[in-house]
Amino acid sequence: KAGVTQTPRYLIKTRGQQVTLSCSPISGHRSVSWYQQTPGQGLQFLFEYFSETQRNKGNFPGRFSGRQFSNSRSEMNVSTLELGDSALYLCASSATQETQYFGPGTRLLVL
Amino acid sequence: AQSVTQLDSQVPVFEEAPVELRCNYSSSVSVYLFWYVQYPNQGLQLLLKYLSGSTLVKGINGFEAEFNKSQTSFHLRKPSVHISDTAEYFCAVSYNTGGFKTIFGAGTRLFVKA
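Each protein sequence line maps, in turn, to chains A and B. Going by this note's numbering, the first sequence opens with residue 213, and the numbers climb by one from there. Going by this note's numbering, the second sequence opens with residue 974, and the numbers climb by one from there.
Honestly, the hints are just simulated from the structure, not real lab data. There's no promise every hint is true.
Distance condition first, Cα-Cα at most 27 angstroms in a straight line; then the derived DSS-like pairs of lysine-lysine [what the hints assert, rightly or not]:
1) B/K1031 to B/K1086
2) B/K1042 to B/K1074
3) B/K1074 to B/K1086
4) B/K1022 to B/K1042
5) B/K1042 to A/K213
6) B/K1074 to A/K269
7) B/K1074 to A/K213
8) A/K213 to B/K1031
9) A/K269 to A/K225
10) B/K1022 to B/K1074
11) B/K1086 to A/K269
12) B/K1086 to B/K1042
With the C-beta cut set under 10 angstroms, the calculated list includes, among others, these residues of chain A facing chain B [claimed, not checked]:
13) A214
14) G254
15) Q256
16) E260
17) F262
18) F272
19) R275
20) T292
21) L293
22) G296
23) E310
24) P316
Residues from chain B that face chain A, not an exhaustive set, calculated with beta carbons under 8 angstroms [what the hints assert, rightly or not]:
25) S1067
26) T1075
27) F1084
Ideal Cβ placement from N, Cα and C applies to all residues, glycine included.
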């Protein structure tokens, strides 16, 4: 089985722009979660989607949003980028809710 | 509220020596416990997990962990490390709030020296 894939792997944007990241889960997994990883804050939960519905949400501003499609693929969007949004964004998929499998991440640099 | 504390931010160790990475958690509800490893510029790879049953859990790459409910700990061990084990290790707990949430410790950087 193919693992979780994320595109793009690297991205450079400037302040004020918006960005969309994509995640394709492991085949058959219906839950997709997103995390932000930074040296200062570590791994922080953004949100989780299950069957196209947001089921859980972390403490991030409304500039961070996501969605899930009927094929379980998910996208997250960050609008009005700030320097502090520079991070590794990780997607994880799950079939059994409690166990997550992570993708390689998208490294976003905001200039 | 749930929390995870990894007691060491960095652990240097010589090759072929044993290692223990410590993890304590706090929770008012039942949790599942995990260890993940992250190599540079990569995502997290699941090393092992404790869901129920035997408190000694064996994972990939020769790692094992023991769940201790009374001490709320889930320490990761390996009897003999290799240079290739140099990486960041994350302890995590997952709990059900009408949908599972997972919180991670701050990570422990294992540095294996020749």
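Cross-check of the supplied hints:
Taking the CA atoms of B/K1031 and B/K1086, the gap is near 24 angstroms; set against the 27 angstroms cutoff, the hint holds. A C-alpha spacing of about 20 angstroms is found between B/K1042 and B/K1074, which places the hinted pair at or below 27 angstroms, so the restraint holds. Using a Cα cut-off of 27 angstroms, the hinted pair B/K1074 and B/K1086 is violated, with the two alpha carbons roughly 36 angstroms apart. For the given pair, B/K1022 sits about 15 angstroms from B/K1042 by alpha-carbon distance, which is consistent with the 27 angstroms threshold.
Restraint check for B/K1042 and A/K213: not satisfied, since their Cα atoms lie roughly 35 angstroms apart, outside the 27 angstroms limit. For the hint pairing B/K1074 with A/K269, the CA-to-CA distance comes to about 9 angstroms; that is within 27 angstroms, so the pair holds. Distance check on the hinted pair: B/K1074 and A/K213 sit about 25 angstroms apart at the alpha-carbon level, within 27 angstroms; holds. With a C-alpha separation of about 23 angstroms, the suggested pairing of A/K213 with B/K1031 holds against the 27 angstroms cut-off.
Distance restraint check for A/K269 and A/K225: the Cα-Cα separation of roughly 25 angstroms lies within the 27 angstroms cut-off, and the hinted pair is therefore satisfied. With a C-alpha separation of about 15 angstroms, the suggested pairing of B/K1022 with B/K1074 holds against the 27 angstroms cut-off. Restraint check for B/K1086 and A/K269: not satisfied, since their Cα atoms lie roughly 41 angstroms apart, outside the 27 angstroms limit. Taking the CA atoms of B/K1086 and B/K1042, the gap is near 33 angstroms; set against the 27 angstroms cutoff, the hint is violated.
At a threshold of 10 angstroms, the smallest CB-CB gap from A/A214 to chain B is about 14 angstroms, leaving the interface hint violated. Evaluation of the A/G254 hint against chain B yields a held restraint, the C-beta minimum of about 5 angstroms falling below 10 angstroms. Interface hint at A/Q256: satisfied, since its Cβ lies 8 angstroms from the closest Cβ of chain B, which is below the 10 angstroms cut-off. Checking A/E260 against chain B by beta carbon gives a least distance of about 6 angstroms; that is within 10 angstroms, so the hint holds.
Because the beta carbon of A/F262 sits about 7 angstroms from the nearest beta carbon in chain B, less than 10 angstroms, this interface hint is met. Hint status for A/F272: violated, given a least beta-carbon distance of 14 angstroms to chain B, over 10 angstroms. Because the smallest distance between the Cβ of A/R275 and any Cβ of chain B comes to about 21 angstroms, over 10 angstroms, the interface hint for this residue is violated. Because the beta carbon of A/T292 sits about 27 angstroms from the nearest beta carbon in chain B, more than 10 angstroms, this interface hint is broken.
For A/L293, the interface hint is violated, the least distance from its beta-carbon to any beta-carbon of chain B being 22 angstroms, above 10 angstroms. Interface restraint check: A/G296 against chain B, minimum CB-CB distance 18 angstroms, threshold 10 angstroms, status violated. The beta carbon of A/E310 comes within 5 angstroms of a beta carbon in chain B, closer than 10 angstroms, and the hint placing it at the interface holds. A hinted interface residue such as A/P316 counts as satisfied when its beta carbon comes closer than 10 angstroms to some beta carbon of chain B; here the least separation is about 5 angstroms, so the hint holds.
The beta carbon of B/S1067 is positioned within 8 angstroms of a beta carbon in chain A (closest approach about 5 angstroms), and the interface hint is therefore held. Taking 8 angstroms as the C-beta contact cut-off toward chain A, the hint placing B/T1075 at the interface holds, the least distance being around 6 angstroms. For B/F1084, the suggested interface contact is broken, since its CB lies about 17 angstroms from the closest CB of chain A, more than 8 angstroms.
Of the numbered hints given earlier, the model fails hints 3, 5, 11, 12, 13, 18, 19, 20, 21, 22, 27; all others are met.
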